[in-house]
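Student: Fit chain W to the supplied structure of chain Y, relying on the hints for placement.
In order, the protein sequences belong to chains Y and W. Residue numbers for the first sequence follow our numbering, so the first one is 309 and each next one is one higher. Residue numbers for the second sequence follow our numbering, so the first one is 2 and each next one is one higher.
None of these hints come from the bench; they were simulated from the model. Treat the numbers as computed from the prediction; the structure is a model and nothing was measured. The C-beta atom is built at its ideal place from N, Cα and C for all residues, glycine as well. There is no bait here: all hints are sound.
Interface residues of chain W toward chain Y, partial, derived using beta-carbon atoms under 10 Å:
| no. | residue |
| --- | --- |
| 1 | Tyr32 |
| 2 | Tyr36 |
| 3 | Gly41 |
| 4 | Leu44 |
| 5 | Ser50 |
| 6 | Asp57 |
| 7 | Asp60 |
| 8 | Cys92 |
| 9 | Glu100 |
| 10 | Gln101 |
| 11 | Gly106 |
Computed footprint of chain W on chain Y; a stretch qualifies when at least three of its residues, placed anywhere within it, have a C-beta under 8 Å from a C-beta of chain W:
| no. | region |
| --- | --- |
| 12 | 346–354 |
| 13 | 402–413 |
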Amino acid sequence: TQLLEQSPQFLSIQEGENLTVYCNSSSVFSSLQWYRQEPGEGPVLLVTVVTGGEVKKLKRLTFQFGDARKDSSLHITAAQPGDTGLYLCAGEMRAGSYQLTFGKGTKLSVIP
Amino acid sequence: EAQVTQNPRYLITVTGKKLTVTCSQNMNHEYMSWYRQDPGLGLRQIYYSMNVEVTDKGDVPEGYKVSRKEKRNFPLILESPSPNQTSLYFCASRTTDYEQYFGPGTRLTVT
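Next up, chain Y with everything else stripped away, as it sits in the complex (with noise of 0.2 Å):
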């Protein structure tokens, strides 16, 4: 049973779209981190959420965490090509156990 559930796995859109990945469980995290990953390289961190109903924006990205700390989504607005590549969530049950699950991904496509 896959603990982080991504969706969608897919994504291709147009430059200039806007678009939510969705990161969902049904056990309680103590934070939740993104990822984003290029081919052939590793995973590099966008962001960690770590209060229930927290919002983090980065530039074009926003990141919310569901008040029960439960889910969590990424919207990108006006999306670009170099947002292209695949976007991992990752979560912790346990404060400071440095467990982490990984979702399995949403691997997006921007075209220009």
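Tutor: Relative to chain Y, chain W alone:
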């Protein structure tokens, strides 16, 4: 430059031949971890370490060993590799406030 390095980046070996993948970080992080990434399964944690001489199993530790004799190094050892350990391996280190940095990856093929 702050970084996590892994060696080798690519390795093809045969079943049963012991190998070590090295991992080193220059950020003085206490936390380090190893992951494997497989198509359809995503990233899964193999082992992690919270400090020197402190290691613990992740989700998929079978067939792997680790050691943490120094803060900067966290090698992954496959005593007797098997084809089902063919994968893309990532080492990572982390600060106490969640910032995690991944290495560039090691692509291992076991025939």
